[in-house]
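2 protein chains.
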Amino acid sequence: MQQLQEYIQSNKDRYLNELFDWLRIPSISADATYKGDVARAAEFCADRLREAGAENVTIYPTPGHAIVYGDKLINPDLPTVLVYGHYDVQPPDPLDLWESGPFEPVIKKTETHPQGAIFARGSSDDKGQVYMHIKAFEAMMKHDALPCNVKFIIEGEEEIGSPNFRPFVEAHKALLDCNVVLCSDTSIVANDVPSLTTGVRGLAYMEVEVTGPSRDLHSGVYGGGVANPANVLCELIASLLDENRKVTIPGFYDDVQVVGPEERSEMSRIPFNQETYNKNLGIRQELGEEGYSTIERTSIRPTLDVNGIWGGYTGEGTKTVLPAKATAKISMRLVPHQRHEKIYDLVEDHFKKIAPPYVSIKVTRMHGGEPGVTPIDTPEYRAAHLAMEKTFGKSPIPKREGGYIPIVSLFRDVLSVDSILIGFGLDSDALHSPNEHFGLFNYYKGIETIPYFYHYYVDLKKG
Amino acid sequence: MQQLQEYIQSNKDRYLNELFDWLRIPSISADATYKGDVARAAEFCADRLREAGAENVTIYPTPGHAIVYGDKLINPDLPTVLVYGHYDVQPPDPLDLWESGPFEPVIKKTETHPQGAIFARGSSDDKGQVYMHIKAFEAMMKHDALPCNVKFIIEGEEEIGSPNFRPFVEAHKALLDCNVVLCSDTSIVANDVPSLTTGVRGLAYMEVEVTGPSRDLHSGVYGGGVANPANVLCELIASLLDENRKVTIPGFYDDVQVVGPEERSEMSRIPFNQETYNKNLGIRQELGEEGYSTIERTSIRPTLDVNGIWGGYTGEGTKTVLPAKATAKISMRLVPHQRHEKIYDLVEDHFKKIAPPYVSIKVTRMHGGEPGVTPIDTPEYRAAHLAMEKTFGKSPIPKREGGYIPIVSLFRDVLSVDSILIGFGLDSDALHSPNEHFGLFNYYKGIETIPYFYHYYVDLKKG
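Chains as they are written, first to last, in my numbering: chain A, 1256 to 1718; chain B, 1256 to 1718.
Calculated directly from the structure, the hints in this document are not laboratory data. The reader is advised that the hints may include incorrect statements.
Remember, identical chains collapse to one label, so a pair may be satisfied in a single copy or spanning two.
Stated by the list, open to error - Lysine-lysine pairs mimicking DSSO-like chemistry, simulated, CA-CA at most 27 Å apart:
| no. | residue 1 | residue 2 |
| --- | --- | --- |
| 1 | K1608 | K1534 |
| 2 | K1534 | K1607 |
| 3 | K1501 | K1607 |
| 4 | K1290 | K1607 |
| 5 | K1501 | K1608 |
| 6 | K1534 | K1617 |
| 7 | K1607 | K1645 |
| 8 | K1645 | K1428 |
Please work from the sequences and hints to get the whole structure.
Shown next as structure tokens:
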């Protein structure tokens, strides 16, 4: 392990340059025009796996974007770790807010990353964090230090809700058979406050379209005489949250797991400064569900947010028009034990109920996934805990996270295994935003930590 | 007059082809990229005026788009008619809803226009209606039948609120000195129900921008913890209209002229079928201010409408983002005696008052104009009435209109003259919408009617 860690230290520059090459490929899964780039990103991933020593490397086509598989099976009697990640990225827009090209990775120092950070779309979510695993695997192979079997499954549709991933897993249970899933698509509290994610929220993402007149109308001639779909959409959206920022959709909270006082006081121990938080986000004051702290609002409580809205004339100058229609992308973050299909139904029924007679409303289900929680009394979790303790010099805090990692419930359902969410990024790394970045400290710390996980895991399994 | 009318009949094809050439020029004043086309449209107008027999034809530059002037002064003792119109047009978008190119005029038959209509942006608003005046003038010149002095003032910024027109008029009072303004930028009730517009609504058009975090945020990581500007904008907009569709902004109705029962019963005599109206607009049910008919809601009552709204991710697929900002274009139609500057103040104060502490709000004044009313007991109005009676075979109904013709109050303020609003289009001609059109019946009827106006006007002035 000593030599292995020295090897890692001496190869940092190469790790960086290789990742840069991957980050230069705009693998935007949401936009069909980038289909070719997504495919190139998959091939890049497969090649690096092969070079690192993986076998049976295969690019599995799907009705959408391909899934990359590779493995190293050293002994059927030893446990098997399944590494999951994704090589697709979020759309980079709004482009004009990027200080450097989203697909032209550069190193820049920041307040939170004095040693520098990699600025590029996908640097943290999730190419950078996937590449930590590939390089850790390479290091273990080079030093004959891989203590168990490992399988890699890297998909290309995570940012659009993994429409083809569940069917693939269900169709390849034997291929993906394993004892634990290892995934780095989450964050730590701070570089000096390591943490492991024990819960993630689910998602129900919908599009709501309100249609009024069959064409745009002159607002002077018709204004006051017909319903304006943009006004009506605003009124409908406004009605979805009450003055305590609770979702008003009947039944929405029915299945929400009530987190007990013990766990809530545990959570309150996570270092958090509201002032710093607000300063980082550039807001004067926070807002959220009455009766909960910001950490609770963003982890153990469900939400409802407009992700996008548009209608009428949005160009330069003025146009005195009554839009024929207005549309909003609305998504809800879900917590145990909400199920996204049930939430879809509740929302759709609710809109049908509140739809006024003077407009038409169309609700489209875009994508969804279930929330998930990881037990912390298992050898898998314990191994991750020890590995981080080793490399960070302090024990990681178990924490619930707001983001959505659908595979947690997927792998539990289909493969009956738990997922260890051992992410190394920071929430302040601007994931899904302009100027996404990933700290060099975090990137290298991940590569250093992962081999320890394998080491402790196998020990603990031996018992 | 007999010969003159025969001349008009025999030149219809030429009138059409000349207008087509003008309509092919995309003179979109709102979009800077069309500046050159707007200038070309002005030159086209000036050339046609010269050919028709106008003198002193001049293109006056302004800080924005140019103003075209021309006149024919036959005798200082005779009255002078000032013809006002505009050669700029609304942006054509949404382009995909046009059945033929917005700047490729074609003739198509419709239910309301069995003899066919000219389909093109600007066909009715306002190039087509301006060209009626130029051709009527040409006919009178050809037959030595121009009974008084005439001046033409055709601007290129009406669709963006005429920012440079008032300063120009104020600086050229002598040049524009006249007894009456004649303007065709309005509509008749139906081809068999002629009408004259005696009132027009004013406008206060604003942009409201709500800003939350300094960057777009991952809705999973931050969702529930920070105010979402798109949700907040919707809530603010929803609060501007109550359940009776009355504007909730304090003081908004203070200066609204209460229209008496006599005039309201007069208005109720205007042929109107709510079912046909709804069918034409493709709506199941109308909506408007409690206690008023659709005709009243769109003429004697003020309104508040969203003309455009945008924020967050509006592209293909899904993006789980909390937008950093959301924006809406909001405009109010005003009635006598509301003043747009006062309404601007009321709205801005109101937004300052209701702005929550967790977002920032910026209100921008885009453009505004005052409402106007024309007295009907004047020789000017009487002449228009007789002219329409002559060519339509029935007397026109005096009617208030919802649209906004700022020049009515402008010319009243600066030149102390009334404006005769003698439009020939129909409200159903899709003004400001895709597939704008102008009936051939209406185009030719306008050219036939205008010479009679001059004729009767001079007679009535002689007394």
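Between K1607 and K1645, at a C-alpha cutoff of 27 Å, which is it: within one copy, between copies, both, or neither?
Neither. Shortest intra-copy (55 Å) and inter-copy (54 Å) distances fail the 27 Å Cα cut-off.
Homomeric proximity label, K1534 with K1617: Cα distance no greater than 27 Å:
between (39 Å within a copy, 21 Å between copies)
Same-copy or cross-copy closeness of K1290 to K1607 [CA-CA at most 27 Å]:
neither (36 Å within a copy, 46 Å between copies)
Within, between, both or neither, where K1501 and K1607 count as close if Cα-Cα is 27 Å or less:
both (20 Å within a copy, 25 Å between copies)
If the cut is 27 Å between Cα atoms, do K1645 and K1428 qualify within a copy, between copies, both or neither?
For K1645 and K1428, the Cα distance exceeds 27 Å both inside one copy (34 Å) and across copies (86 Å).
How would you classify K1534 and K1607 at a CA-CA limit of 27 Å: within, between, both, or neither?
Between copies, since 23 Å is at most 27 Å while 40 Å is not.
Have a look at K1501 and K1608 and pick one of within, between, both or neither, based on CA distance no larger than 27 Å.
Close inside one copy (19 Å) and across copies (24 Å); limit 27 Å.
Up to 27 Å CA-CA - K1534 versus K1608, copy category
between (41 Å within a copy, 24 Å between copies)
Hint compliance for this structure: hints 4, 7 and 8 are not met, and every other hint is.
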